[in-house]
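Starting from the known structure of chain A, arrange chain B on it as the hints suggest.
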Amino acid sequence: MLVFAASDKGGTGRSVTSANLAYQRALNGDHVAYVDFDFGSPTAAAVFDVPDAVRGTRERGLHSYLEGRATEPAVIDVWRRTENPVLRAWPNQSGRLVLFPGDAGGGEFATDEEALERCVDLLLRLNAEFDVIMVDLSAGRSYAVDMVLAATAHPRMRHVRSRWLVFHRWTRQHVIAASGLVHDEHGILDSGVARGHDGDALRGSIRFVRAAVPDPDSALWSRVSPAQAAWMQSTDEALRRLAAEYAIGDSVVLGVVPLEPILQWREQMITEEDVLATQIANKETLKALEEIARKLTDDTCWGRP
Amino acid sequence: MPPAASAPAAALLCGEVRTHLLPVHQALDIRTAAQFLGLRADERVLLSERPNLYARSPDTLTGVDCPLPTADGARTRAVGTVAARAALTEGRVLQSSAHVTLPAAGPDRRRPWGEYLVRPGVAEPVGKLPPDAVADGVLGGGRPGDLDLGAIADGLLTRLLRHPLIDHRPPLRSRPTRLRWAALPAAPDEEPSLEFTLAEDHLRTVRLRVPEGTPAAEVAGLCDDLALHDWLLTTVVRLFDGIRPDTPAVLAALRPAVDHLLHLWMPRARVTGDLAPLWDELETRPGFTRQWETLVRRIRDQLALHAIPSPHREAELTP
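Chains A and B, in that order, give the protein sequences. Here this note's numbering is used: the first residue of the first sequence is 5, the next is one more, and so on. Here this note's numbering is used: the first residue of the second sequence is 465, the next is one more, and so on.
Where hints are given, some of them may not hold.
Stated by the list, open to error - Pair ranges (Cβ atoms, derived):
no., chain 1, residue 1, chain 2, residue 2, range
1, A, P159, B, R607, 51 to 61 Å
2, A, T301, B, D738, 48 to 58 Å
3, A, V197, B, E747, 52 to 62 Å
To be verified - Computed footprint of chain A on chain B, listed as stretches where at least three residues anywhere in the stretch have a Cβ under 8 Å from a Cβ of chain A:
no., region
4, 611-621
5, 633-645
Please keep in mind that the hints were generated in silico from the structure rather than gathered at the bench. These numbers come from a predicted model, not from an experiment. Glycine residues also receive a C-beta, built at the ideal position from the N, C-alpha and C atoms.
Chain A with its partners taken away, still in its complex shape (with noise of 0.2 Å):
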């Protein structure tokens, strides 16, 4: 199955978010395969922590892969390569987690005929070989969303399940953008049927993640003043009017990650050490987590609502 992680606007935590799904998955069992396509500015060496690991493959990422370049990607083990000591200790019977980092210092690039070939060829050989896929898009209606667009559409990729996420932030701006990436013209429905793709299938394929969202329920904010607290609740309320009126709400949700410090400063993968031991992270998010990652592949999450 493949995953694609979008957002219209950056700092949506997109890419930490993905990347602690497809840890979720592969905790669980599941051979998870993490590529690497925000060409713009690849983080996910960071967010694995593997830098090293990154710095030594500079030449062959996922950008000089599509150019022709690299006749094959590089591949990060990281259960292996990883400096994040608990990501070392790597529980018993998880499966593979594997990094398809891009190039450090790519930029976007327009797609040719050829670099899409090579795209189609790199998904269905993983297609073939992992359970999960996550592939992290750069922000906006980027060169990248165009590519992955284009081939999934492609007849040699008929047979292969694709879903897609959308990140957006839990703010007025944020859940309008995150609407225009998908239905504005232009946006990823319109391309994705004039690409080839049907309608109804593709908006059925597609659901949306709030992020750093405030819970007024939750106990970080239980000690607010009263008026805060009636505040943070009408707001809340009309950013859901406001995402159901953009054909975004609840029933297009897949799942709410809350406000969570170690997300937005770490940028990294949230354990069970960091909730339990350290408690340094709320359980609530890693609960969160584990939810959106169990539910990509719940069918019944899925499809038109």
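For chain B alone, kept in the frame of chain A given last:
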């Protein structure tokens, strides 16, 4: 024929094999396999139905003029051609492999291309070849820009996987393997030998000593056979990863092995003459067939257990 055509003795043979499950819903029959592997209009696909279904493409040639990988960093350039071919076993396992023969020495400067083309699959060193350093370099992997047999094998694989006959509906998820090999001629009083190593990232390396004058294609045939059986072991072992016994998931996980893999085990099916005894070493240690038979028994036992209705399957563990 110019004198260049007389083959000088090979100082080193080396190659790389990629082994993949063919990503098709139904295994290809022998006729379709012939169509799939028909890489060249002027040469036929080799087909064989005994002792198992096997199809092999004609060789394709890739011109090379690049440094050879060396373990000690010495720069040796080689010019010539690398031979690559693809083989399909039982219409189910696809292997693409590239190999090259390196003579002990070559002229000090590059000659016209025509002179290299008369000896397909041979790359001549410019000057003298350090065979041991290059063998280590090939097995360990070179630097960017060095001769990369894996890239040539992979290029052929990519070309084949774009074939319209391939529907990309593999019956199980599996991981491809890479096997690199290097064969040096055995000394006159030395027995042929083989050293098989599992390296990280699904890379296998094979270091051989073969009787002087053994053609590269024969060694490549042995290494294809090794790679196929190593891939089968690896793939079936992996099926047991992460499955909990006594759940219905066991059936779902093991069934594809029964349908698609268990009948493929046939070591030495196409290994010829002098090289066949090299397999025997692997049968003694680590014991390829011994491990395979244990796996097959384990799969059959699991399936037999699941044939019993579950209330009767519960065993009382206390005496």
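Here's how the hints hold up against the structure:
1. P159(A) to R607(B): 51 to 61 Å: 38 Å, violated
2. T301(A) to D738(B): 48 to 58 Å: 52 Å, holds
3. V197(A) to E747(B): 52 to 62 Å: Given a distance of about 58 Å, which is inside 52 to 62 Å, the answer is holds.
4. 611-621: holds (count 5)
5. 633-645: holds (count 6)
Violated hints amount to a single one, hint 1; each of the other numbered hints is respected by the structure.
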